[in-house]
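Trainee: Protein sequence lines, in the order shown, are assigned to chains A and B.
The first sequence: position 254 = 254 (full-length UniProt numbering), numbered continuously.
The second sequence: position 410 = 410 (full-length UniProt numbering), numbered continuously.
No wet-lab data here; the hints were simulated from the structure.
By construction, the Cβ of each residue, glycine as well, lies at the ideal position given by its N, Cα and C atoms.
Certain hints may be false.
To be verified - Sample of chain A residues facing chain B (criterion: CB under 10 Å; computed from the structure):
#1 Lys-91
#2 Tyr-116
#3 Pro-118
#4 Ser-120
#5 Ser-165
#6 Gly-265
#7 Ser-271
#8 Leu-272
#9 Ala-364
#10 Glu-368
What the hints assert, rightly or not - Residues on chain A that point at chain B, a partial pick, calculated with CB under 10 Å:
#11 Ala-125
#12 Thr-132
#13 Cys-134
#14 Tyr-144
#15 Ala-214
#16 Ile-228
#17 Phe-232
#18 Leu-238
#19 Lys-248
#20 Tyr-268
Protein chains: 2
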Amino acid sequence: MPSIAVTPHEENGNVSDLTAQGIKHALQKTAPSQLKSASLSDSTTQVHSANHQHDAPTPLAELDASLLQTTYTTSPRPVPALGSPEMASQKVCTDHMIQARWTSSTGWDAPTLQPYGPLSLMPTASCLHYATECFEGMKLYRGYDGKLRLFRPQLNCARMLMSTSRIALPGFPPEELLKLIVRLCATDGAKWLPKDRPGSFLYIRPTMIASDPALGVQRPTEALLFVILTCFAPMDALDGGMRLLASKDDMVRAWPGGFGYAKVGANYGPSLVAQGEARALGYHQILWLFGEECFVTEAGASNFFVVWRTREGVMQIVTACLTERIVLDGVTRRSVLELARERFAIGYEGLEAVEVVERKFSMAEVVEAVEEGRLIEAFAAGTAWFVAPVGHIHFRGKDFKVPMGENGQSGRYTAVVKEWLRGIMWGTNGQESHEWGHIVDEK
Amino acid sequence: MPSIAVTPHEENGNVSDLTAQGIKHALQKTAPSQLKSASLSDSTTQVHSANHQHDAPTPLAELDASLLQTTYTTSPRPVPALGSPEMASQKVCTDHMIQARWTSSTGWDAPTLQPYGPLSLMPTASCLHYATECFEGMKLYRGYDGKLRLFRPQLNCARMLMSTSRIALPGFPPEELLKLIVRLCATDGAKWLPKDRPGSFLYIRPTMIASDPALGVQRPTEALLFVILTCFAPMDALDGGMRLLASKDDMVRAWPGGFGYAKVGANYGPSLVAQGEARALGYHQILWLFGEECFVTEAGASNFFVVWRTREGVMQIVTACLTERIVLDGVTRRSVLELARERFAIGYEGLEAVEVVERKFSMAEVVEAVEEGRLIEAFAAGTAWFVAPVGHIHFRGKDFKVPMGENGQSGRYTAVVKEWLRGIMWGTNGQESHEWGHIVDEK
Numbered sequence: 001m002p003s004i005a006v007t008p009h010e011e012n013g014n015v016s017d018l019t020a021q022g023i024k025h026a027l028q029k030t031a032p033s034q035l036k037s038a039s040l041s042d043s044t045t046q047v048h049s050a051n052h053q054h055d056a057p058t059p060l061a062e063l064d065a066s067l068l069q070t071t072y073t074t075s076p077r078p079v080p081a082l083g084s085p086e087m088a089s090q091k092v093c094t095d096h097m098i099q100a101r102w103t104s105s106t107g108w109d110a111p112t113l114q115p116y117g118p119l120s121l122m123p124t125a126s127c128l129h130y131a132t133e134c135f136e137g138m139k140l141y142r143g144y145d146g147k148l149r150l151f152r153p154q155l156n157c158a159r160m161l162m163s164t165s166r167i168a169l170p171g172f173p174p175e176e177l178l179k180l181i182v183r184l185c186a187t188d189g190a191k192w193l194p195k196d197r198p199g200s201f202l203y204i205r206p207t208m209i210a211s212d213p214a215l216g217v218q219r220p221t222e223a224l225l226f227v228i229l230t231c232f233a234p235m236d237a238l239d240g241g242m243r244l245l246a247s248k249d250d251m252v253r254a255w256p257g258g259f260g261y262a263k264v265g266a267n268y269g270p271s272l273v274a275q276g277e278a279r280a281l282g283y284h285q286i287l288w289l290f291g292e293e294c295f296v297t298e299a300g301a302s303n304f305f306v307v308w309r310t311r312e313g314v315m316q317i318v319t320a321c322l323t324e325r326i327v328l329d330g331v332t333r334r335s336v337l338e339l340a341r342e343r344f345a346i347g348y349e350g351l352e353a354v355e356v357v358e359r360k361f362s363m364a365e366v367v368e369a370v371e372e373g374r375l376i377e378a379f380a381a382g383t384a385w386f387v388a389p390v391g392h393i394h395f396r397g398k399d400f401k402v403p404m405g406e407n408g409q410s411g412r413y414t415a416v417v418k419e420w421l422r423g424i425m426w427g428t429n430g431q432e433s434h435e436w437g438h439i440v441d442e443k
Numbered sequence: 001m002p003s004i005a006v007t008p009h010e011e012n013g014n015v016s017d018l019t020a021q022g023i024k025h026a027l028q029k030t031a032p033s034q035l036k037s038a039s040l041s042d043s044t045t046q047v048h049s050a051n052h053q054h055d056a057p058t059p060l061a062e063l064d065a066s067l068l069q070t071t072y073t074t075s076p077r078p079v080p081a082l083g084s085p086e087m088a089s090q091k092v093c094t095d096h097m098i099q100a101r102w103t104s105s106t107g108w109d110a111p112t113l114q115p116y117g118p119l120s121l122m123p124t125a126s127c128l129h130y131a132t133e134c135f136e137g138m139k140l141y142r143g144y145d146g147k148l149r150l151f152r153p154q155l156n157c158a159r160m161l162m163s164t165s166r167i168a169l170p171g172f173p174p175e176e177l178l179k180l181i182v183r184l185c186a187t188d189g190a191k192w193l194p195k196d197r198p199g200s201f202l203y204i205r206p207t208m209i210a211s212d213p214a215l216g217v218q219r220p221t222e223a224l225l226f227v228i229l230t231c232f233a234p235m236d237a238l239d240g241g242m243r244l245l246a247s248k249d250d251m252v253r254a255w256p257g258g259f260g261y262a263k264v265g266a267n268y269g270p271s272l273v274a275q276g277e278a279r280a281l282g283y284h285q286i287l288w289l290f291g292e293e294c295f296v297t298e299a300g301a302s303n304f305f306v307v308w309r310t311r312e313g314v315m316q317i318v319t320a321c322l323t324e325r326i327v328l329d330g331v332t333r334r335s336v337l338e339l340a341r342e343r344f345a346i347g348y349e350g351l352e353a354v355e356v357v358e359r360k361f362s363m364a365e366v367v368e369a370v371e372e373g374r375l376i377e378a379f380a381a382g383t384a385w386f387v388a389p390v391g392h393i394h395f396r397g398k399d400f401k402v403p404m405g406e407n408g409q410s411g412r413y414t415a416v417v418k419e420w421l422r423g424i425m426w427g428t429n430g431q432e433s434h435e436w437g438h439i440v441d442e443k
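Make the full structure from the sequences, and use the hints.
Mentor: See the structure below:
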């Protein structure tokens with residue numbers, strides 16, 4: 001392997017600019033006959049496409065959504081009823097899926113839109129042994145205005161590219177992945193998110209796996225990209241808020257120099273023992289701490305926010321910073337931060353102005369804020385759980401109650417942020433035309 | 001999920017006694033109608049079987065090799081010639097494989113011995129997204145005395161159980177897994193390791209994956225155990241020894257509280273970018289360092305040993321200890337330590353007596369030993385690479401040459417250890433009846 005993809009950590013700790021500009025910049029740089037690069041930041045951080053890891057004499061084929069080959073199902077399946085066990089099972093996918101195969105010698109095959117069904121993998125497939133896999137989590141929203149929307153999907157596609165580079169999978173132009181996702185949503189959206197179910201969503205799971213049928217521990221030479229749409233039940237608010245169990249120091253999610261910032265499978269399986277233990281004890285998620293100082297990083301697979309008043313009297317929204325690369329650069333996280341910076345800067349509908357802070361903060365600070373009555377709210381934010389008020393944290397043998405607002409359901413800042421995002425996602429609250437809402441034209 | 005498997009890290013850092021006694025102890029404790037436990041240590045550390053994570057009203061079926069259902073292939077494939085590209089590809093498996101399915105509601109189905117072929121997995125399968133997978137690496141040896149042997153297979157089966165517990169997969173009696181492995185080896189061994197190829201081997205890969213077709217991030221409720229046998233070319237000695245590139249602090253393999261000690265997929269995929277970079281620069285493997293002190297942990301996916309003379313003049317074999325649980329408890333590692341303790345204690349065939357040490361040691365110590373002429377040898381040890389002399393280490397911009405003995409091929413301690421192990425594995429050097437060689441009766 002004469003040339004190797006350069007991963008972002010080798011150049012710059014900042015991968016936080018997953019913006020449309022970043023993607024555009026990446027695409028401008030993408031030419032099929034040369035080593036690709038896709039900017040994930042303000043032009044200083046580059047992810048070289050692993051699609052060109054060999055000095056091949058002929059250019060490798062790039063992922064190209066315009067080559068899509070379609071085969072529609074002849075056995076369409078029924079859409080689960082709202083409230084049905086099927087809807088809650090997270091097992092029912094829509095009629096179709098996207099697939100695209102890659103090899104290190106030929107690049108990307110023409111992608112396909114085909115009936116949803118099982119994958120055939122050799123028992124030697126790399127992804128079954130070495131966790132050579134990464135994914136994204138997105139949603140397709142059926143708006144209250146009847147429209148189908150994605151929420152900032154460019155960010156997910158850019159992050160997917162970043163994740164592939166961390167786990168030695170091939171690169172691709174993120175915009176092509178977005179086109180494939182949009183095409184699948186357009187194909188199955190009308191049936192699976194009917195217009196009489198406004199406020200509902202399908203969960204979108206773009207996934208890439210290494211499919212090499214060879215046991216050598218080495219960079220994958222074959223890969224499969226697929227995108228599926230899964231039915232999820234609408235998420236009920238957790239009665240009394242999310243209950244979090246702080247991790248113990250013998251169970252650490254991520255580490256500097258590791259891969260906590262990437263959406264790779266290897267971050268999830270190893271967390272399930274702790275998560276199962278937490279659920280057995282009546283908690284919803286683990287609050288992942290890091291280091292002897294017990295820095296607060298993530299809540300389950302979501303980012304974690306506190307709203308507190310400093311001892312100096314300043315109201316702040318605080319979440320862990322990305323600099324150590326142990327925290328996922330969540331799309332919801334980023335959106336909360338951006339909206340809060342924009343709209344809370346000078347107060348909002350009777351709510352006090354808030355300073356928005358990304359920094360390392362420790363459980364000791366959270367505990368002090370609770371004990372001194374300065375902790376106003378806390379919430380988890382991510383695509384799966386959306387914005388979930390936190391009501392309870394257990395840390396080192398002690399229970400800490402987090403205020404849940406006057407109604408006991410949600411603090412007000414949390415509720416306002418959630419409503420802002422809901423408006424953009426589902427086209428309501430006057431947010432029908434927000435630039436973050438990516439409207440999907442239905443077939 | 002009312003009850004949760006207890007993982008060993010919660011009770012005791014020591015999982016180092018993967019002995020036959022430990023297994024026997026585990027089996028004595030295994031009864032199908034109650035929560036299982038399998039001792040992986042000197043009776044203080046217990047891994048509770050995740051096979052009984054629910055308080056089910058009826059006992060779950062245990063993995064039981066005596067229920068094996070066999071279907072022999074009607075399309076036997078040719079055995080690759082020695083030296084052929086097929087043999088080197090690590091893609092050719094033997095005619096048959098073992099499979100066993102598990103669900104959280106019924107336990108283990110009857111295992112099958114069936115024709116080798118692809119697995120069908122739903123795109124939602126947990127293992128494709130969350131790295132809910134673990135494996136073992138073993139070899140089946142065709143002895144110079146004509147016999148087929150496994151090498152200490154009980155240790156691999158016990159470690160497999162430990163790994164499943166770390167990645168939230170179901171438990172099983174390790175002895176049943178061993179019986180299934182032996183049965184597969186007995187079935188395919190005669191054809192695929194013909195008696196006219198003494199000194200060759202098949203690579204055995206027991207694997208467990210979570211097959212739940214549901215995207216929820218949670219403990220698996222369905223799993224598949226499979227065992228395959230793969231053709232590997234005989235390993236040539238690396239000309240000039242193994243060349244190692246020390247990892248940089250932005251790429252960390254494992255950390256305390258993580259899972260570096262378990263053979264889970266999540267340890268491998270994230271290492272491939274660094275490994276690919278090392279290969280592109282002309283190195284064979286990464287020498288994985290940990291922490292600001294640059295403690296030496298593993299070499300590639302092998303354990304790492306140095307032979308040095310201390311400043312006080314004591315000859316030592318040193319390898320990283322297991323206490324922080326960031327290093328794999330390798331079967332070859334353990335065997336090297338045990339043989340060296342037994343046979344080098346008072347010198348051996350003109351070689352000076354050696355003290356055997358398991359402790360944290362740093363690159364600074366290695367560098368000092370090189371610079372002061374005290375580094376005698378270094379080698380990597382693991383199932384895949386066996387015992388491989390190290391000739392070269394690159395660390396922070398500097399190249400360090402490691403002595404490779406008078407013949408330039410291997411230091412003498414390394415060569416002697418390797419010969420001892422070869423004798424036991426392939427039934428030669430007067431080691432035909434060593435207790436570590438597990439003879440497989442052929443069909």
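Trainee: Would you settle whether the hint for Ala-364(A) is holds or violated, based on the nearest Cβ-Cβ distance to chain B being less than 10 Å?
Mentor: 19 Å, violated
Trainee: Measuring from the C-beta of Lys-91(A) to each C-beta in chain B, is the shortest one below 10 Å?
Mentor: For Lys-91(A), the interface hint holds, since the closest Cβ of chain B sits about 5 Å away, which is under 10 Å.
Trainee: Please verify that hint: Lys-248(A), Cβ, nearest Cβ of chain B, below 10 Å or not.
Mentor: 8 Å, holds
Trainee: Holds or violated: the hint that Pro-118(A) contacts chain B, with Cβ atoms closer than 10 Å.
Mentor: This interface hint holds because 4 Å falls under the 10 Å limit.
Trainee: Could you check if Thr-132(A) really has its C-beta closer than 10 Å to a C-beta on chain B?
Mentor: 4 Å, holds
Trainee: Quick check on Ile-228(A) please, does its C-beta sit within 10 Å of some C-beta on chain B?
Mentor: 5 Å, holds
Trainee: Does the CB of Tyr-116(A) sit less than 10 Å away from some CB of chain B?
Mentor: With a closest approach of 7 Å, the Tyr-116(A) hint holds.
Trainee: The hint names Tyr-268(A) as touching chain B; please verify it with the least Cβ-Cβ distance against 10 Å.
Mentor: 4 Å, holds
Trainee: Once the shortest beta carbon distance from Gly-265(A) to chain B is found, is it less than 10 Å?
Mentor: 4 Å, holds
Trainee: Would you check whether Ser-120(A) satisfies its interface hint, that is, whether its CB is within less than 10 Å of any CB in chain B?
Mentor: 4 Å, holds
Trainee: Given Leu-238(A) as an interface hint, is its Cβ closer than 10 Å to any Cβ of chain B?
Mentor: Violated: closest Cβ of chain B sits about 15 Å from Leu-238(A), beyond 10 Å.
Trainee: Should the interface hint for Leu-272(A) be scored as holding, given a Cβ-Cβ cut-off of 10 Å against chain B?
Mentor: 4 Å, holds
Against the hints set out earlier in the document, violations occur for numbers 9, 10, 14, 18.
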